[in-house]
Amino acid sequence: MTMINSNFDRPTAEQINAAKTFAASIMADAAGRRGALDGRIQPLASHMQLCGPAFTVEVRPGDNLMIHAALVLARPGDVLVIDGQADTRCALMGELMCKHAVAAGLAGLVVDGAIRDRSDLREGNFPVFACASNPNGPTKNLAGRIGHPVSAGGVTVNAGDLVCADQDGVLIVPRQDIDIVLEGARKKIQVEHKRREDIANGNLVYDWLEQALKNVGAIADGDSLASLMARFEEKS
155 MTMINSNFDR PTAEQINAAK TFAASIMADA AGRRGALDGR IQPLASHMQL CGPAFTVEVR
215 PGDNLMIHAA LVLARPGDVL VIDGQADTRC ALMGELMCKH AVAAGLAGLV VDGAIRDRSD
275 LREGNFPVFA CASNPNGPTK NLAGRIGHPV SAGGVTVNAG DLVCADQDGV LIVPRQDIDI
335 VLEGARKKIQ VEHKRREDIA NGNLVYDWLE QALKNVGAIA DGDSLASLMA RFEEKS
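Add 154 to a position in the sequence shown, counting from 1, and you land on the number used in the working numbering.
These are calculated hints, taken from the structure and not from any lab test. By construction, the Cβ of each residue, glycine as well, lies at the ideal position given by its N, Cα and C atoms. It cannot be assumed that every hint is accurate.
As the list claims (entries may be wrong) - DSSO-like cross-link-like pairs, simulated, lysine-lysine; straight-line CA separation at most 30 Å:
#: 1; residue 1: Lys341; residue 2: Lys368
#: 2; residue 1: Lys174; residue 2: Lys368
#: 3; residue 1: Lys253; residue 2: Lys294
#: 4; residue 1: Lys342; residue 2: Lys174
#: 5; residue 1: Lys368; residue 2: Lys342
#: 6; residue 1: Lys348; residue 2: Lys368
#: 7; residue 1: Lys389; residue 2: Lys368
#: 8; residue 1: Lys174; residue 2: Lys253
#: 9; residue 1: Lys341; residue 2: Lys174
As the list claims (entries may be wrong) - Beta-carbon label-pair distances, calculated as ranges:
#: 10; residue 1: Ser381; residue 2: Gln239; range: 30 to 38 Å
#: 11; residue 1: Ile353; residue 2: Ser378; range: 18 to 26 Å
#: 12; residue 1: Asn355; residue 2: His222; range: 20 to 28 Å
#: 13; residue 1: Lys368; residue 2: Leu296; range: 19 to 27 Å
#: 14; residue 1: Ser200; residue 2: Ser378; range: 25 to 33 Å
#: 15; residue 1: Ser378; residue 2: Asp331; range: 34 to 42 Å
#: 16; residue 1: Lys368; residue 2: Ala297; range: 56 to 64 Å
#: 17; residue 1: Lys368; residue 2: Gly259; range: 51 to 59 Å
#: 18; residue 1: Ile334; residue 2: Ser378; range: 34 to 42 Å
#: 19; residue 1: Asn159; residue 2: Gln239; range: 14 to 22 Å
#: 20; residue 1: Ser200; residue 2: Ala167; range: 24 to 32 Å
#: 21; residue 1: Val370; residue 2: Val256; range: 28 to 36 Å
Please work from the sequences and hints to get the whole structure.
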């Protein structure tokens, strides 16, 4: 098996532009609440968000040789998704390599590992999502893989999957599911709009709530949410 795989498709520009209009939380709900990376992988600054195709990189702990190759091989708009095997004993990238990524037109960086030069990167516009920082630099001696499936934040990421990230964290949408998730996101927005209207109008009891409580045994079958609310009112 070749270490560097270029044989993968990316989401269309239309799919990426559509995904950019939704928060990661909306996309995650539409994706069935799966695909979100572990919450330890966070943006360096509150203004950072990204959306684009995953350009996957697997490295050996503490070595960034394959990331240097990825900076040359990735296309403009790609998001580097780096499987650093959650090793935080040294940084895999810093301010200088991120400058290279900006010059190459990349859309951002997601690394299950550490970075450095945090203060400089926080002030910049290049989105960086990482799980730690460490002043130690890496070696450049060990082979890894590019364009193959990786594991980041407990989620399998394939090259060409859609990466959506904002202040809530990072979501991976498998490329074959993008259209389905986008349609679900549009419906989710409509549902939330209706809920906001209900709240503004004082309609605070949801149609689904009583049955859901009965399903888990919180309300007896012969009882009702309305009667339960009345009993609480009597006690007030």
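In rising order, the numbers of the hints this structure does not comply with:
2, 10, 12, 13, 14, 21
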